[in-house]
Amino acid sequence: MAGSVSGARRLGAFGRAVLYLFLAVVGLTMLAPFFWTTTTSLRTQEDIFSDVLTVPLPSPRVLSMWIPWERRVVVDGLEVPAVALETLERVELPNGETLDLAPGRVKKTLFSQECVVLPKDEAGQPLKARFVGRFVAVRTLGEGSRRLVVPAEEVMWRPKPVWENYVTAWHRVPFGRGYFNSVLVAAVITLGQVLTSSLAAYAFARLTFPGRDKLFLGYLATLMIPAVVTMIPVFILMRTLPDALNNLTNTDVWTGQLAVSLGGRHFNLGRPVGTDSYFALIAPALWDLPPAPVLHGNPARPGRRGLDRRMQPLRHVQPDSDAAFQAGAGDADDLHLHGDVEVLHVAADCHKRAGDAGPSRVAQDLPGLSHQPTRDEPAHGRFHNRAGPHAAHLHAGAALFR
Amino acid sequence: MRKRTREALSGYLFLTPNLIGFLIFTSLPVAASLLLAFSSWDILSSPQFVGLQNFSKLLLFHREAGRLVANDFDFWYFTANTLFLMLIVPVGMVASMGLAIALNSKIRGIVAFRTAYFLPTLSAGVAVYVLWTWIYNGPFGLFNAGLRLVGVEGPNWLSDKSWAKPALMLMSLWIGVGGVNMLLYLAGLQGIDPELYEAAEIDGAGGWHKFRHITYPMLSPTTFFILVMSVIGGLQGGFEQANIMTLGGPAGATTTLGYYIYQLGFVWYHMGYAATVAWMMFAGILVVTAINWRWGGRRVHY
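Line by line, the protein sequences give chains Z and U. Here this note's numbering is used: the first residue of the first sequence is 2, the next is one more, and so on. Here this note's numbering is used: the first residue of the second sequence is 171, the next is one more, and so on.
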């Protein structure tokens, strides 16, 4: 059971209403940009960019920018779609004279109708006109397209989503290729990460071998180095690796993406297979390993051997470490960003679990970790707590729905 | 084979697949980068060893018309930019904590609210930056449309030298407030033993006291963790938004250290010098994190 300051059971009807109001108002600001970008994707270019023209819209302007509009004008008694070209302030006539298109004047002197065709000069060009005013130059769409000047009030606005934008975008951008690349990179990174890192993590957590601590420290040290430091060498590597792979495999189809998957450490491409020391380091800390007797056989019952060591990672460790695996797989690049210090918790935890007697070298070398449990705290106390937020990080997704 | 040998052998075997990648994609680049930091290299010709020249250009000052001038003024300016953009970090932390407390309530539809607040984080990346580029557009943008409601005509945010940074900070607040930090706080809140609150209530504690003496201290490990991570992320950050939204402009106002390194390396091809700046950034992060660790560690309640 979770307790909370704003424990809902204690909230009265009023408190509940205030809370809803707060969450809704702030939540709207979170959703509004998404809604805006969606409706904008359904609008024509002209519709979007004519918002600045001083054309009276059927609703307050702020509202109007949320709805895909179509302009229509009545020509010969028929309502036809129109593109707003510009809003006119004045018209320059071919003889060099300029005329203000003030409403009264237009009707009396220049135009005799409400809806008029702009005269063209000898070259067939429409009259030059400048922006701002109450008249809109529109082009009617469809058969017998005409260029008209109409009083702005007579432009009619009808909501109309333009789905063709999606068709256009699909044809203009190679989405298929993009999806393919993304899926390939994600799959290679995820698979490689889970495979290699779980193995490495198991070795770090459960096996003793010469040089283990040194290797671990090496992983740790490089992990704290920001990606920008290795960006340039990795870039060079990525430029040469595909060619090298192509020469090796005599193909050039996937090697580029594969190379990027392998080494795409920077620019949010996610953590590559080999450099995921981070995951290799967090996994052991999250493994709530079964008690040693289960793993190694119970000395009190000599007849019963422990599980074959080779099977341990599969049978007993994996099911308990789902969180670590999900983290490694799903959230690679976010965790990557956070790798640097978090791993310090893990280092400590790891060494505790590995059962090192006395302060480990890693713990001594890193600031803040040389702390040894005192009699007052439980053996895991300090580190366990420190791993708290870290573990929470991995369970963050779950917290969303709890 | 002896048991110990077998164990060592299997240890190495377990480690090998990971280690190969680690050596190729991490260790090797780190070593190469370290060498580069002491070299001059424009990619076209082969690298020249220049000793400490890069470092003196980066860190030292020279006299110019009787005044001390930094050898690389940009570096200091962009460092200041990076630090300025990080001013949003504490604001974001407070907001995330408050939001987590609100979203920890057991009211109907709370999961929908949590999802809504998490949405920007889910969709973060190029798309969100492009979206915000339009939101901040002067005449057509959503932000100015909102301001017009209250009769204010806003600037063209991203191309205004004094407004570009605050605009980016507001955007990162929007992206981050309901994101991973909020979830961390949420998980932290859900981990607090309700008995603590019950005991406090028996003692007559009100809402504020419960927050001050239970929630806040119990969340302190989370706060500490988020602080350390945000500072590290902030010092390294700013690349994507600069690259997508502002190209570091106007006049370098939104160029951070991360973007500067990218420009040095991949726009101007000063590979060696870029590596030097990157290592200085690493040194800075290390120092700041160590300070955080010492200073913050003492304030964390376990």
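Keep in mind that the hints were calculated from the coordinates and are not lab data. Honestly, I wouldn't trust all of these hints.
Stated by the list, open to error - No farther apart than 25 Å at their CA atoms in a straight line, the calculated lysine to any residue pairs in the SDA-like style are these: (1) Z:215 to U:173; (2) U:227 to U:436; (3) U:380 to Z:215; (4) U:276 to Z:215; (5) U:276 to Z:21; (6) Z:215 to U:436; (7) U:335 to Z:15.
Hints, verified against the model:
Using a Cα cut-off of 25 Å, the hinted pair residue 215 (chain Z) and residue 173 (chain U) holds, with the two alpha carbons roughly 22 Å apart. With a C-alpha separation of about 19 Å, the suggested pairing of residue 227 (chain U) with residue 436 (chain U) holds against the 25 Å cut-off. For the proposed pair residue 380 (chain U) and residue 215 (chain Z), the alpha carbon gap of about 46 Å is over 25 Å, so the pair is violated. With a C-alpha separation of about 48 Å, the suggested pairing of residue 276 (chain U) with residue 215 (chain Z) is violated against the 25 Å cut-off.
Between residue 276 (chain U) and residue 21 (chain Z) the alpha-carbon distance is near 11 Å, which keeps this suggested pair within the 25 Å criterion. For the suggested pair residue 215 (chain Z) and residue 436 (chain U), the alpha carbons sit about 35 Å apart, so the restraint of at most 25 Å is broken. For the suggested pair residue 335 (chain U) and residue 15 (chain Z), the alpha carbons sit about 39 Å apart, so the restraint of at most 25 Å is broken.
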